[in-house]
Structures are given as structure tokens and as C-alpha cells.
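Novice: Listed here are the chains, written in short residue letters.
There are 2 protein chains.
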Amino acid sequence: MAKEKKLVESITSMNEDFAQWYTDVVKKAELVEYSNVKGCMIIRPDGYAIWENIQKELDRRFKETGVENVYMPMFIPESLLQKEKDHVEGFAPEVAWVTQGGLETLQERLCVRPTSETLFCDFYSRIIQSHRDLPKLYNQWCSVVRWEKTTRPFLRSAEFLWQEGHTAHATAEEAEERTIQMLNVYADFCEEILAIPVVKGKKTDKEKFAGAHSTYTIEALMHDGKALQSGTSHNFGDGFARAFEIQYSDKENQLQYVHQTSWGLSTRIIGALIMVHGDDSGLKLPPRIAPVQAMVIPISQRKEGVMEKASELCDMLKAAGIRAKLDGSDKSPGWKFSEQEMRGIPIRVEIGPKDMEQNQAVIVRRDTREKLVVSLDELGERALQILETIQSDMFARAKEHLEMHTYSAETYEEFKQTVAEKPGFVKMMWCGDEACELKIKEDTTATSRCMPFTDESLGEVCPVCGRPAKTLVYWGKAY
Amino acid sequence: MAKEKKLVESITSMNEDFAQWYTDVVKKAELVEYSNVKGCMIIRPDGYAIWENIQKELDRRFKETGVENVYMPMFIPESLLQKEKDHVEGFAPEVAWVTQGGLETLQERLCVRPTSETLFCDFYSRIIQSHRDLPKLYNQWCSVVRWEKTTRPFLRSAEFLWQEGHTAHATAEEAEERTIQMLNVYADFCEEILAIPVVKGKKTDKEKFAGAHSTYTIEALMHDGKALQSGTSHNFGDGFARAFEIQYSDKENQLQYVHQTSWGLSTRIIGALIMVHGDDSGLKLPPRIAPVQAMVIPISQRKEGVMEKASELCDMLKAAGIRAKLDGSDKSPGWKFSEQEMRGIPIRVEIGPKDMEQNQAVIVRRDTREKLVVSLDELGERALQILETIQSDMFARAKEHLEMHTYSAETYEEFKQTVAEKPGFVKMMWCGDEACELKIKEDTTATSRCMPFTDESLGEVCPVCGRPAKTLVYWGKAY
Numbered sequence: 003m004a005k006e007k008k009l010v011e012s013i014t015s016m017n018e019d020f021a022q023w024y025t026d027v028v029k030k031a032e033l034v035e036y037s038n039v040k041g042c043m044i045i046r047p048d049g050y051a052i053w054e055n056i057q058k059e060l061d062r063r064f065k066e067t068g069v070e071n072v073y074m075p076m077f078i079p080e081s082l083l084q085k086e087k088d089h090v091e092g093f094a095p096e097v098a099w100v101t102q103g104g105l106e107t108l109q110e111r112l113c114v115r116p117t118s119e120t121l122f123c124d125f126y127s128r129i130i131q132s133h134r135d136l137p138k139l140y141n142q143w144c145s146v147v148r149w150e151k152t153t154r155p156f157l158r159s160a161e162f163l164w165q166e167g168h169t170a171h172a173t174a175e176e177a178e179e180r181t182i183q184m185l186n187v188y189a190d191f192c193e194e195i196l197a198i199p200v201v202k203g204k205k206t207d208k209e210k211f212a213g214a215h216s217t218y219t220i221e222a223l224m225h226d227g228k229a230l231q232s233g234t235s236h237n238f239g240d241g242f243a244r245a246f247e248i249q250y251s252d253k254e255n256q257l258q259y260v261h262q263t264s265w266g267l268s269t270r271i272i273g274a275l276i277m278v279h280g281d282d283s284g285l286k287l288p289p290r291i292a293p294v295q296a297m298v299i300p301i302s303q304r305k306e307g308v309m310e311k312a313s314e315l316c317d318m319l320k321a322a323g324i325r326a327k328l329d330g331s332d333k334s335p336g337w338k339f340s341e342q343e344m345r346g347i348p349i350r351v352e353i354g355p356k357d358m359e360q361n362q363a364v365i366v367r368r369d370t371r372e373k374l375v376v377s378l379d380e381l382g383e384r385a386l387q388i389l390e391t392i393q394s395d396m397f398a399r400a401k402e403h404l405e406m407h408t409y410s411a412e413t414y415e416e417f418k419q420t421v422a423e424k425p426g427f428v429k430m431m432w433c434g435d436e437a438c439e440l441k442i443k444e445d446t447t448a449t450s451r452c453m454p455f456t457d458e459s460l461g462e463v464c465p466v467c468g469r470p471a472k473t474l475v476y477w478g479k480a481y
Numbered sequence: 003m004a005k006e007k008k009l010v011e012s013i014t015s016m017n018e019d020f021a022q023w024y025t026d027v028v029k030k031a032e033l034v035e036y037s038n039v040k041g042c043m044i045i046r047p048d049g050y051a052i053w054e055n056i057q058k059e060l061d062r063r064f065k066e067t068g069v070e071n072v073y074m075p076m077f078i079p080e081s082l083l084q085k086e087k088d089h090v091e092g093f094a095p096e097v098a099w100v101t102q103g104g105l106e107t108l109q110e111r112l113c114v115r116p117t118s119e120t121l122f123c124d125f126y127s128r129i130i131q132s133h134r135d136l137p138k139l140y141n142q143w144c145s146v147v148r149w150e151k152t153t154r155p156f157l158r159s160a161e162f163l164w165q166e167g168h169t170a171h172a173t174a175e176e177a178e179e180r181t182i183q184m185l186n187v188y189a190d191f192c193e194e195i196l197a198i199p200v201v202k203g204k205k206t207d208k209e210k211f212a213g214a215h216s217t218y219t220i221e222a223l224m225h226d227g228k229a230l231q232s233g234t235s236h237n238f239g240d241g242f243a244r245a246f247e248i249q250y251s252d253k254e255n256q257l258q259y260v261h262q263t264s265w266g267l268s269t270r271i272i273g274a275l276i277m278v279h280g281d282d283s284g285l286k287l288p289p290r291i292a293p294v295q296a297m298v299i300p301i302s303q304r305k306e307g308v309m310e311k312a313s314e315l316c317d318m319l320k321a322a323g324i325r326a327k328l329d330g331s332d333k334s335p336g337w338k339f340s341e342q343e344m345r346g347i348p349i350r351v352e353i354g355p356k357d358m359e360q361n362q363a364v365i366v367r368r369d370t371r372e373k374l375v376v377s378l379d380e381l382g383e384r385a386l387q388i389l390e391t392i393q394s395d396m397f398a399r400a401k402e403h404l405e406m407h408t409y410s411a412e413t414y415e416e417f418k419q420t421v422a423e424k425p426g427f428v429k430m431m432w433c434g435d436e437a438c439e440l441k442i443k444e445d446t447t448a449t450s451r452c453m454p455f456t457d458e459s460l461g462e463v464c465p466v467c468g469r470p471a472k473t474l475v476y477w478g479k480a481y
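Residue numbers (the working numbering), protein chains in the order written: chain G, 3 to 481; chain Z, 3 to 481.
Okay, chain G solo, but in the shape it has when bound (with noise of 0.2 Å):
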């Protein structure tokens, strides 16, 4: 069979070839086909029932905050992307345009969304004129289109998936609250439900959103050493509303511009959930986020009452709440596995006419191959338990990793060596001045990944300049 061909030539092992590993997971575990349209990516359906739990978590996290959601045109004239400089700059070079609709030539050229802001501030212009009309507080899941020359899938691609919200306020300081708390939604998302510990900070000038008046980030480390920005969160000040003419009438009746703010989250972290958990059979996939938590494979299924039993057990599963499945089909009991853990469901729970017997059924986790042996009588039960231990320790070991792989440097040199020699991130002092963080850059291919929300400091210089430090920052190379 063409398919378990397919599956049983092993996958490159992570640390032989981390990228490799990287492509063969996504393929193999199917969530991802590619396609015939350059750049762009198929998310096959054990890819996008991910997306699809990760929507429903994190919309419902939004909404308890007050947001509500709208849905935008996809296109956006020329003349309205141009409206902002610092954003036209920043996005106008990767943008694909569409200049022909129907048979004939448009008389302005539209780009296709990389990202709304201005079709969001052109709305709220026409929408927003008294202060009883703020905040508005709006969010749109849809997919943008960035022409990038080099794509990998969930990484970087020229189409993907992603929410983007969209705020106005009254006030800046009402503005710099939702940026927070919306950073403060995105991390704990990001380490409740996707077991991924995250470094929560303030981006560089040098690395902010085009037209933003600061960029807050979650960072999270990837098993390779390697930082994956997961999720940003803008504040906006007023610039885009001096630029766009959002003006509200206050409570004493006088014109005051808006102030707003942006943030997003996109498919890029399915990327993530790949490479912070997954190891050499493939996917790992934390409890609360895999599509399927437990699959039932019967062992020596011909034997008589053998499949009624493993129907039964998915039954009781499901009773109990677990997102389960049965796996009927006739291939052998070693493939199921091998499946089962290449698709990096967290649990799976045998049963055998030996089994039978004993009134028992063996739970195995995918996380650390360990086997259980649990009575049915509280099958159940026991398998949420384990299922909720998964979740906490998948979070620890990747929360270990994190912090075993950050490392600190207090002069230059040693910040260069550990960039050399170790992957993860570096802490250093930093003196705010761009040229230092370029120099950093060119010498070591490291960026500033952020500015964390910390006290805490490693010096009084800024170690590339000598000259005084101003705060600290987190180093790393990056996806």
C-alpha cells in the first residue's frame, strides 16, 4: 500500500536534521499539503481541526473581554494603504496586487490584505463620532496574503491564517491596557492550552510593527535553540487616527482623535505546538488542543467480542468527555501505533482478549511511552487523569527547556560565544541605541527578540558601546 510505504520509512531525526525533521512531520502527520500556487499551503484536516481548537479557545477568551467580530473586504485600494507612511513602508514590498477584475484593467490597483489596519481605521472614521461610541472593540479571522520569497509551512507562507483585533479608545492610557491584556490573553493561551511557555516583552523600535507606537511579543523557544515570535500585540497611540481623521466629540463636546491598538495570532503557531513538543516519531500534541485525545486500537481484533470491546471502552471515553476515536481498520496493531504516535494523539488504550480477561485496558502516553494498566471499571476517569498530567508535565519539560536554554552574558565577547556555541536565548544589558543592536546583528545573526517585563539587571553598561545601559533585552536567532 502506497500509504504505509509512506509511513513506515522513518522521519530524519531532529537532531540530525532539525529543518528536515520539521517538513517530514508537517507531511506526515498530514496536516499540510503543498500545493500548485507558489508559497501557499493546503492545511489538510488534522491541521485545521488544530486551527479550529485554537480558534474556538482563544474567541471565546476574546469575547469574554468584550470583543466582538466583524468580517472586512479583502482588498484594499492603493490610496488607503498609502494613507499611513511608516505602514505603506513596511508592507508595500510584500503585497500582491490585483489590477485586473472581470475582462477589464482597474483604474486603481488593490493589494490584497497583508494586514487590515487601514481598512479597520477607514470603518471606524465613518463609524466613530461620540465618545458613547467607544471603545469599539473588534476582531476578524481571515486570512492575509504576504508575497514571501521563501516559505516553509505554518512558518512563513504567502497566504495563512490568522485573527487580527482591531481596538479604539478614548484614552491612550485605556489603549495601553487593551495592549496589554490582550498580550496577557495570547500567553496564557499559549501556556494553559498549547503547553508552550512564552517570554512576554516589548519589541525594539527597530522591530516594531510599521506605524505603531510600541509592540509588545510572547517569544517561545523551539526545541533547535531557535526563537518563534507567537503572538504580537500593538499600541497605536493616535497616529493612524490623525492619519485616518477618527475623531470623537468628548463629554465637554470637543474633537479628540482616538486611540488604538492591534493584535494577532496565526497559524505560524501550529508551527510552534510542532517544535517545541514533537520528537523523533513526530507530533506531540498537548490534551487540550489535540483534535483527538485517545485512540482505541484493539489488539487481535478478529478474536470474537474483541472490536464490540474496543467500541465499548470508545464509548465510555467519550462519556467521560474525552475527545476519543476507534481505529477499525485492518492494519496491524504496530502501524495503529506508529500512526497514533506520528499523528501525536496524547494517549492511546489497548485492549486484547488477555485484557478482556483481567477486566483492564493499557493506556500508553505519547509523552513518555509510559504504560498503565487501568481497570475499565474507572477507565474513564483514570484517562482524564493522565491526560490532564500530560498537559502539566508536557508544559514543564518544555518550561525546563526554555529556561535551560537561556543564558546570560555580561560582556560581548561572552554574548558572542554563547551565540556561537548555544542555542537559546541570551540576556544582555543594552544601551537602547540602534546601532548596537544592528552591530549585534551583523556580528552574530542575532536579534533582539524583546525587552522583558522584568526588573531584572546584569549591569550598568551596555556591553557592545560601554556607554550606559538602559534595559534589559533577550537575544536569540529567530524563525
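Derived by calculation from the structure, the hints in this document are not laboratory data. Among the hints, erroneous ones may be present.
It does not matter which identical chain is used: a pair holds within one copy or between any two.
Below are the BS3-like pairs computed for lysine-lysine, each with C-alpha atoms no more than 30 Å apart in a straight line [what the hints assert, rightly or not]:
id	residue 1	residue 2
1	Lys228	Lys441
2	Lys253	Lys305
3	Lys320	Lys65
4	Lys333	Lys320
5	Lys151	Lys85
6	Lys65	Lys29
7	Lys320	Lys58
8	Lys327	Lys58
9	Lys479	Lys30
10	Lys356	Lys472
11	Lys443	Lys208
12	Lys29	Lys85
13	Lys87	Lys202
14	Lys85	Lys441
Keep in mind that this is a model prediction, so the values were computed, not measured.
Once you have looked at the hints, place chain Z on chain G.
Specialist: Same frame as chain G, now just chain Z:
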């Protein structure tokens, strides 16, 4: 206040100018805002919340039949679009073309998907090898673009949201079965959830989808007697499979072409929801689809205890499983009433000092304006009953309207007179010749809506040409 002024201007009466009434409602119920992008609409929170409920309900029904969600690229290379002859002829004149990516001119134009048959076919040709890989039952929720000249919110816009299901099967029988199954999913959804009765049937060859073997449709009748095609399901036979070489090896190891279907329902259905149920006070939403089912409105809200009580009532309704909200703003009760009516919220719950004395509240039905005095001891329970009654009454009224406006014609003269004088469906026999279909359209502007699933016969001959009749057809003027 700008906002108050906007709503008190009464909307155009339906009988005076139905098209203007529709435009007023979508704007004043804040479902849609026009955008800077020609022909594209902004779907506002109250509009999008309806779409989210439609998605939730349909998605659940799809998944119950085994369908899985995926995501395909939004671009189609021109050469891929051209692979199936009829398909490209049908769509090429109305697509938007991307010709530039970043700063470069593309070697091959990409069209923004108007529908994704070609992408799914290309995908299926890669992943289907064996009979074990079948069936494939995939769906995607996305936006599509069709370059329309004249546009109207929800009904016809350059970009709209929809779902498109695409399936591949081993046999022609299975494909036909799936086509009808999904048509029935649409019909049941419309009738049970949207309270919109539909006529199910097959499209004539002239009206079928570009590239389809046969197209099935559900047709709804709007308040003004015009028809709206509300969902379609297509059987492609093996036409696309031959063009895209989608073959599988059967159990005897022989190569066979797959048989395919596709089916879609779009934000257009929100237009139907408005035009089937609405009245001169605005929107009227069936309870099962309404984002807010009950609005609690305090009377004399500054009197002691009223706001607290209103909030308590809101909690009681929520505890009963009702999507309830409290309007605690400082607007007048009369203003709040008309706002609740404009937004189509199925019931409002009024509570004031006198009601409190008597331990009661007044429930007002949006559909009939009937007032019901309800004891607070059974508020949740009674509200639930009333919502169920509204749901079934709304369906019954729409059904009666459909039946009252469905006419029969036995001669062509009678047909022409009915079409001219009586808005609605007109049933008439047909020979099956496109010439007669074209003549009817030219003479009356009515088009064939569908050949219904019925044995009904109105005679032996086609009243247009006098030749033997093959089938009964529903004719009507359509959106």
C-alpha cells in the same frame, strides 16, 4: 445624538419600495457598512454574529455526516483554472486577477478564487491513489470573489463568505447520494433554524453550475414574491476527474475515475432571512438563529431596585439557556423598544416598579407584538416556550406566504398574465427544450427556478411549444 437621530427617521415602507426598505434595514439594524472597496461590504458585529450562528449550526450538521474541514489557497493559477472547459468559461469573465507580487510582475496570473473546484481537484489528484482513500468528504469556510458590476449587501457582492464542500467517491451512485444528502442538510437547516420554507429541485441545464453534471437547489420566496436561490449541491459525475486525472485503483487493481460533488451556502442566506421575515419596523430574527434572543428593558430605571431587578431577570433568562441581554443605557424605554425591534430580537422583557410589586414582567413578542404578562416565578420557562412558539409561528407564516404565492398555469397566456400580475412562483409544464426556456425569460423576465422533486403534473404538453411535456418547472423572477 447622531445615533438617536439615525434610528428615529423611519425606514422606507416595504410596500412603497422593497429594495429601499432592504437597504435601510441592513444599514439601520447595523448588519453591514459600505466600504471604500467597490462592491465589497463590511459585515458588522450584529451581522457577523448571525453568520457565526449559521456556521456553528451547519458545521455541526456537516460533521455529523462525516465531513472534515480543510483550507485551500485563495489563489488559482490561470492554467489550473483552465483545465475544465465549461468551468473556466463560466467563471473567467468574473474573476479578479493578481498580476503583481511584491515589486515583481508574475509570470502567470493568479485569480482570486471564485470557487475552488480546480484547487480541490488538483489536491485530490495528489492524495487519492486507492479505493481505501475514498470517500474524501472535505469542506472549507472562506471568502470568494466574483467581479460583479451591480452589487447589494449579502445578495450580490464582489466578495462574500461561504462554505464549499467538495467530495470524491468511488461510484456514481455514491456521488449522487451525497449530492442529495447535502441538499437535504441545507433544506432542513433553512426550515428548522432559519424558519424559511424552501422548494427543493433540480436546475435545468441552462441554469446549472459551470462544469456540473447536475445541480440541485433550494429556492426560497421573499416577501416581495421574488425567488432567491439559497443553496446549491452539484453532482460532477467524473467530468472533473477526467480533466484532472483523479484516479484510484479499485479492489481488482483497476484504475477508475472518481465521482465528485460540491455544495455551497453563502452569506446570501442572510439576505433571505431579512426578506422573508422582516417588516416595516426592521429585522425579525427566528429565535434559533438570533444572536440575542431576549432583551431586558427596565422601565423607570432610576426608581430604586429596578435596575437590580432587571439584571436579576437577565440572569434568570440566561440560566434557562436563553441568549439574553440587558439594555441599561440611559436612552428612553420607547427608544430601546424600537431599537430592539429594528434589530429583530425575538422578545423583549419589560420590568418596572408596578411589575415588581406584582412579581411579574411583560414579555413582548417581536413577531406579533403580543404582550404577555408572566410571573417571575416561571420567567425562564415561559420565555423558552414563547421563543419556541415564535419559531414555529414564523415558519408557519412564511410557509403560508410561499403557498399563497405559488400559482399554476396551464396555458402560456395564463402563465404570462400570472407572472405579470402576481409576484411569486408559477408552476408550468416544460418540454425540456432550452428554446422554450429562453423564450419565457425573454417574454416575462422569469427564469426557471427548479424542477421540483414531485410527481405533480399540470398536463401533457409544453404550453410554450405544444410538444410533449417532460417535467414540471417552478418559474419566477429572481434575485
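Novice: Check the structure against each numbered hint from earlier and tell me which ones fail, lowest number first.
Specialist: Violated hints: 10, 14; rest satisfied.
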